[in-house]
Amino acid sequence: MDLRTTIDAAPRSGAASDSWAADFDIVLEPTTGLRAFRFGDLVRFRELLYFLTWRDIKVRYKQTALGAGWAILQPVLAMLLFTVVFGRVAKIGTGGIPYPLFAYVALVPWLFFANGVQLSATSLTINPTLITKVYFPRLYLVMAPIVAGLVDFALALLVLVGMMVWYGVLPSAAGTALLLPFLLLGMMTTVGASTWLAALNVKYRDVRFVVPFLVQILLFATPVVYSTSSVHAPWQMLFGLNPMTSVVEGFRWALAGAPAPHASTVAFSTVVGVGLFVSGFRYFHRTEKDFADLI
Amino acid sequence: MASSTVIRAERISKRFEIDDDHHSDATLRDALAGVVGSWKDRAGALVGRESSGRAGRVFVLEALKDVTFSVDAGEAVGIVGRNGAGKSTLLKILSRITEPDGGRVGIKGRVGSLLEVGTGFHPELTGRENVFLYGSILGMPRAEIKRRFDDIVEFAEVGRQLDTPIKRYSSGMQVRLAFSVAAYLEPDILLVDEVLAVGDAAFQKRCLGRMGEVAGAGRTVLFVSHNMALVQALCTRGIVLDHGTVQFDGAINDAVAYYLRDLEEAMAIDLSDRTDRRGRQEIKVTRVEIAAGPDGGGVPATGAPLTFAFELSSCPLSTICRFKIHDEFGNAVAEFRSSVDSPDDRRATGESNRFVCTIDELPLLSGRYRMDVEVLSGNRLQDSIEGAARFEVEEGMYGRRPIDRSWRSGSVAIRHAWQTPTD
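Chains as they are written, first to last, in my numbering: chain A, 7 to 301; chain B, 23 to 445.
Keep in mind that the hints are not guaranteed to be accurate.
What the hints assert, rightly or not - Pairs of lysine to any residue residues, derived as SDA-like cross-links and limited to a Cα-Cα distance of at most 25 Å, are as follows: (1) B:168 / A:153; (2) B:227 / B:141; (3) A:295 / B:82.
Please keep in mind that the hints were generated in silico from the structure rather than gathered at the bench.
I would like the entire structure built from these sequences, with the hints used as guidance.
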């Protein structure tokens, strides 16, 4: 009886201000706008990220003749193609770096981004039953292909080390120290773009068609086959708006001895990369509750 | 005592907008229209107008309306109701798959939900790998899966195939493995939706035993099923949902009785008020009754007996009754004529204005059906009513084969047997 009066007396709109928050572990109610982020769920289900990633790694090259060889073949073939087209035919300036190394050092982080985004964008829509029948943080479905991509990244990096030995290029000490932050920026950019695209894809399946073009355009908007060091300063800042510019140029600086990217470019990239990450997270979080109804 | 309440739902509601031309793959045109539409809606909402929806072809389905109840720790609650009554939506809200549009739910303790068995199984992974993957999808910590691994495998009886990809498993084996993982999920609150209708009879029985153990171990269980015997065996309390509202909440036997009575009322249709008839009207169909199950007190189900009874205003000699059944898309499925004799037919003893048609094993798949009835005498159409009755068929067994709602092609079940290569 006491209980009943408490409930009735509680204002309908007053969210967790009454005894409900104390009596229950979770209170489910319609949310509008931003809601409190449930980090607890991400922590509780952290093993699921591990298992989904592990599944993606296991399954990625199943029933392919070359298996994990594709992780190496993909950047190597792209490198060969770019070397012929842009290195030999178009003779793009590399500042003295052998073109194969110049292209490959950029392709390693670039393909991590491109493959991550392409796989993650459809990660929700290819798992409709999971989303309509089981509760878990959907973010992990999007993150798993990206984290799994780190394995491909590491394999491709091994080839890069071989190439550095072959060309006799020593990594700079400062650069190597900054490699991790650059990789981190690359990951944030990948996760940021993926959360946006995956969440949008649930509602608008057009994303599926847009992503390949987007990746294609970004490949040429990012200095993968060319370098921005010949570009005038104000334009360089414009390039900085694409966070992958700094990631790619940072890798090239650290591992292939290219000139360091401008501080302003990197600053711009970091702001945009972090912005993409935070906004993607927020958009994903805001739309996540409707995924099961829309998919 | 407030402390023993583990679920409290207060006036929860859920609406779905059903788009007439909504397909899983929206086109660019739809998408752009959608974007513009949602802007319009948003603008409309700002000035306090109701959402218009796009092109005015959006239906709003109220799946749940002001549903209020609370569940104490250790209770086993059966949720019964017809298809579309809101049972699954309720479980989806409680398991946090979808959010309520209104009201709120408080939950205490870890929730494990079993709304479909085996979602998340990956065909390329081995049985062993899938146990871990599926377990973690269901929210089981890895350490717990490891500890329970042998029990799970033993329960599933997969034996030596544990390390082969599950795409090589028979479907029955996949289901057994999936259910075994779920059976060892040990949450404080377990939500189960109709998953026991899978697998062979022996396995179903073991699953039931396991469910009973879970319920007996003091855990809270919410169980959705159309199988009344199962609900009564497992639950102590029942909630009857109809059209998204709670119709009854009480002891399980009373709830089941309420539900069946409600169903019976819906299935005895008084036609005397119907004016949309054709024919000469010298003889009229006044009432249609649909009785299911051996004693007539059940729910129409695939493979179960079903009886149609037609009461006529009068019944001179040479009166013929015939009826047709259509599926929910309006396709004719079957036709029945009293004029064509069979040695199985019987004549009523004594005076009667009733035509009764009995089907021993209903071969219809689960779904909604409509019946048209016609009465003729002396080859003249006397009465004809379209949509004289509507009824719903639940999942069941046909020819000892479980036929669930995943059988979507066509609308009939046919008794058959397979010979398959050895496993």
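Would you pick out the hints that fail for this structure and give their numbers low to high? none
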